[in-house]
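**Q** Now for the letters of each chain:
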Amino acid sequence: MGIIGSGILTGLGVTLRHFVETYIEDFKYMGKKAGVQPRMLRRQSPKAHGIVTVEYPMEKLPVPENFRYIPFLVKDDKTNEDRCTSCGICAKVCPPQCIWIARTEDPVTKRPVPAPKDFFIDSTICMNCGYCAEFCPFDAIKMNTDYEIAYYPETENDMRLVYDKNRLTMNESFHWNIHPSVKAAELEAKAADEAKAKAAAEAAAKKAAADAAKKVALAAAPVVPDAPVASVAPTPAAGGAAMAARAAAAARAAAAAKK
Amino acid sequence: MSEVTATPAKPAAKPAAPAAHGAAKPVAAAKMTPEMSAIAAKFGGAVEAAQYEGLLVTDHSKFIEIATYVRDVLKYNQLTNNTATDYIKDGVIEVVNQFTRVPQGGAPLTLKLRVPRPSGNDKTQPVPSLCPLYPGAEFQERETYDMYGVVFEGHPDLRRILMWEGFNGWPLRKDWKEAYYEGDTKPFESRWPGGDHKLAEERVPWEDNVNYPPGFDPFAFKPHPDGDIYDSMLAPSDGTVSIDNGHGVAPTLIEGLNASEMAELKTDEIIVNMGPQHPSTHGVLRMVVKLDGEKVTDLKLALGYLHRNHEKIGERNTWLHNIPYTDRLDYITGIYNEWGYVLGVERMMGLKTTDRVEYLRVITGELTRLASHFWAIGFLLNDLGAFFTPALYFITERDLIIDLLEAVTGSRMMCNYMRFGGVSRDFTSAQWAMARELAFERLPRTIDELDHFLTENEILKARSIGTGYMSADRCIAHSLTGPCLRAAGIGYDVRRADPYGYYDRFDFNIPVLYNGDVYDRYLVRVQEMRESLKIIQQALNQAETQSKVGDIQGGKKAYNHRVPAGQCYARVETPKGELGYYLVSDGNQNPYKYHIRSCSYINLNSMKEMAVGQKVADSVVILGSLDIVLGEVDR
Amino acid sequence: MATQTTNIPDELKNDPRVPEDLNNNIFITTLDKIYNWGRKRSMWPLLFGLACCAIEMICTAASRHDLSRFGWELMRASPRQADLMIVSGTVTKKMIPQIVRLYNQMPEPRYVVAMGSCATSGGPFKEGYNVVSGIDKFIPVDVYIPGCPPRPEALLHSFVKLQEKIEKQSIRTVRWYTTGKTDNGMLVPYLGPDLVDLRRADEIKQKTAL
Ligand code: SF4
Chain G
1 MGIIGSGILT GLGVTLRHFV ETYIEDFKYM GKKAGVQPRM LRRQSPKAHG
51 IVTVEYPMEK LPVPENFRYI PFLVKDDKTN EDRCTSCGIC AKVCPPQCIW
101 IARTEDPVTK RPVPAPKDFF IDSTICMNCG YCAEFCPFDA IKMNTDYEIA
151 YYPETENDMR LVYDKNRLTM NESFHWNIHP SVKAAELEAK AADEAKAKAA
201 AEAAAKKAAA DAAKKVALAA APVVPDAPVA SVAPTPAAGG AAMAARAAAA
251 ARAAAAAKK
Chain X
260 MSEVTATPAK PAAKPAAPAA HGAAKPVAAA KMTPEMSAIA AKFGGAVEAA
310 QYEGLLVTDH SKFIEIATYV RDVLKYNQLT NNTATDYIKD GVIEVVNQFT
360 RVPQGGAPLT LKLRVPRPSG NDKTQPVPSL CPLYPGAEFQ ERETYDMYGV
410 VFEGHPDLRR ILMWEGFNGW PLRKDWKEAY YEGDTKPFES RWPGGDHKLA
460 EERVPWEDNV NYPPGFDPFA FKPHPDGDIY DSMLAPSDGT VSIDNGHGVA
510 PTLIEGLNAS EMAELKTDEI IVNMGPQHPS THGVLRMVVK LDGEKVTDLK
560 LALGYLHRNH EKIGERNTWL HNIPYTDRLD YITGIYNEWG YVLGVERMMG
610 LKTTDRVEYL RVITGELTRL ASHFWAIGFL LNDLGAFFTP ALYFITERDL
660 IIDLLEAVTG SRMMCNYMRF GGVSRDFTSA QWAMARELAF ERLPRTIDEL
710 DHFLTENEIL KARSIGTGYM SADRCIAHSL TGPCLRAAGI GYDVRRADPY
760 GYYDRFDFNI PVLYNGDVYD RYLVRVQEMR ESLKIIQQAL NQAETQSKVG
810 DIQGGKKAYN HRVPAGQCYA RVETPKGELG YYLVSDGNQN PYKYHIRSCS
860 YINLNSMKEM AVGQKVADSV VILGSLDIVL GEVDR
Chain F
895 MATQTTNIPD ELKNDPRVPE DLNNNIFITT LDKIYNWGRK RSMWPLLFGL
945 ACCAIEMICT AASRHDLSRF GWELMRASPR QADLMIVSGT VTKKMIPQIV
995 RLYNQMPEPR YVVAMGSCAT SGGPFKEGYN VVSGIDKFIP VDVYIPGCPP
1045 RPEALLHSFV KLQEKIEKQS IRTVRWYTTG KTDNGMLVPY LGPDLVDLRR
1095 ADEIKQKTAL
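Residue numbers (my numbering), protein chains in the order written: chain G, 1 to 259; chain X, 260 to 894; chain F, 895 to 1104.
Same shape as in the complex, but just chain G (with noise of 0.2 Å):
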């Protein structure tokens, strides 16, 4: 141990330090503009010296593009659908069971239909977890990163806070602007989705058509192959070709649910 008091003025030394840093930092970049990397990006990073505040209304950190908030449903632009079959999976992987989902149903046959008649997200009990997002099998449902979600209500029973389907619902190009790095990713997968399925029906519509042939001329008996019609039919819209894709994923989903 040194003289008494040398540890304070130690101390007192370092708090200074990280003052005049600041500035230091400061002076190093007056003037300067171009290529200079935006100030609260330079100031907050490790390499950054000194202490420094971001003005936060008017200056914001980015967000990095893991960010979760709240999550939203994810809608092609194309063929303006809900990527969401409605599989349930998502409101199953939610710990806190923050989310409901009603399936539609066939007017007709009553049989469910991949598309989501409802779908509620209780953002007071979400925990932003993220599960849903990880392990939707569709990429259909997606973390926001909007954090200025603040509000005070202005109404009796204000429900803001539970958001139903269509305050859920994105466009794709909003989830690609903000995740810009799945774009890529999420095209590649869609297109090889795409070939497999356009593949697949070919495939089947061949198979179906040798099998008739077999058939026809083995009993003449008539044949109705009970294979789904989409499959069978040739479908020239690339949109056909992702519905198919999309129904057999749903079944596979659904298959795997089971389990």
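Keep in mind the hints are simulated off the structure, nothing from the lab.
DSBU-like mimics (lysine-lysine), calculated; alpha carbons at most 30 Å apart, straight line:
1) LYS1062/F with LYS60/G
2) LYS117/G with LYS75/G
3) LYS1059/F with LYS1031/F
4) LYS433/X with LYS1099/F
Following the hints, complete the assembly by docking chains X and F with the ligand onto the known chain G.
**A** Frame of chain G; chains X and F with the ligand shown alone:
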């Protein structure tokens, strides 16, 4: 330094399929370890192999004798974990005690007791309390009493601890249902496919999260007096401090007065309540101190102001659901909490991880350790009176670590990073570069600065040297773990004592100091930060050569895990101490029993002994040096 | 100055009440505006953390986000000097009597921000037996922030919102200046076999009658 004496605890349970629901029949009897055989040989008729793991003590009257033997002959000198399990099908409540050897470590020894399940809200038959042998049992047994209504005979102060006195029911019993009860297990039926949003309030008769027993009259009812705790402390004392904790019991002498003059100078004892809203109780802790002048003569803690029913919710969740909940235990070290839980489930399921996963776990885990120690030291200094300047500097550093974790995992504190057999995301190259920058440039510099800034500070030294002393023996007896135990000269660290992860691949030390006071706890933390940095640096280097980028999931990724029936006690060394998860599975998608051995909670057990005899201002410092987080204390 | 001010109106130009040399130096603003302007920029929060969200609140008060820029200055450890209560975390039944008491001890005007899912409705722990489903069951909340936990920026955003709300208030209508509407605070619930909300005592008695 502690030695590695045993291999990682292997789950004794075999995947016994098909599982008996609710464990109606013993599924797999425990494997006998040499220690267990020794007990069985000595106490023949009184014990038998328990279900899954450990020994079942059938003759309760022999229990204390057996525990004494376990402590004195077998040298299991610390009671790690005490809890209970409600086997409703068998009609029993099983009390579980787990003992460990400190500092040698190794697999814990389990002793169980069974009592018949009483009907309704009755308490159980008494079982012997371990408090006389292991003072560390005090809070744990109170919790077991609070949650299951198990009565411990010989406990000095058996009151409810997390809930309040007078609460209706024993919440963790399987047949006790809360107001918002919707189903035994998640996922709930009402969510899909016919989900229609309904607030929980709209579902229940009281339209709120409450339930009253029939016949309850709010006008006639007298709430349990809050002042009870004061009254119990006001019991006349002879002015001496009965606990011998090394501070001595001599009354403070005022300079210039001799002893007889001192005796005439009588001060009244006063009782001071601190908290639950108090700036220096680190959240919502409440402490009641009895003062003789400035000196603390008695201290009682009132907990439970943040009791969020983690364990009850955990038993309803699926295995996967629990991971993000563990983040909210000790919210400063989210990742480490997940690790403990995931480790337990992986052991039960026999899942394999990959190299990459293990390295990423070490890197993120040690980063949270650094963040946590920054926080702890900053706020210790706050408690010492250095209002906010050190804390601000360290929050700045912590923010950088948090930034990295956020970029990788997606959230600043509630990372939800671990998966069974894997982690959720890999680092991108930019994130990896930032991690390297932090580990090799920024943080070493900061820690040096911290050391320079504080360690030799005279005020810090004057306030903390000799404050809150506790001897090594008492620390062990009180089940203290973490930096506080290591500051008392015991090199017990789960990373070495019961190894997990890839810690055996790194070269690092377990810092040990010998004075057992607040200053040494601070120094141990500083040294631990340096060791953590060493680990991170090695892990970053090794991961680059010895693991494959993107290989972040061992086995198949799934969300509906079924864990084979069995029991597991998994523990990790969090920055605060030994965090353990006691898990029992009955082969279903949900844990049958989910208990957290919370280090913050159990460390508080020794608070009284540390503070008695010290000045009241020091009690705040002692609390700061224990470094508790209320989320984990109350769960 | 951020308040909207107007130059002295013409009809006041020749008003004998205004000294001549001040003719060009007087600004007129509504009392409301100046009052709200002063108030919204000197809101001192109560130092009071409950759970995980409190850590983010501390981070907001630290140097990176620096709460004081908003004039929210120091966190006060005593309710007597506080204008704002940030309920930062899970409200448990065991804690709610104390929170209501703290709220009652704060002088008016007082504001409450419910930070995070837990304070808003119980959040992920809503189903828990010791958790209150939202602080607004017991005390009036001005601004809600969903999120678990909200980022520091989200907390700052709630301050912006609160300022917005204050701006809309008028001295004439706010409760604490209108006679006959003194607020005696909220009834403090007590802990019986479960949390007893005294406002519902009659109902409870009826329903539990054997
Ligand atoms: S909202 Fe989330 S972060 Fe905030 S207190 Fe609740 S659990 Fe913790």
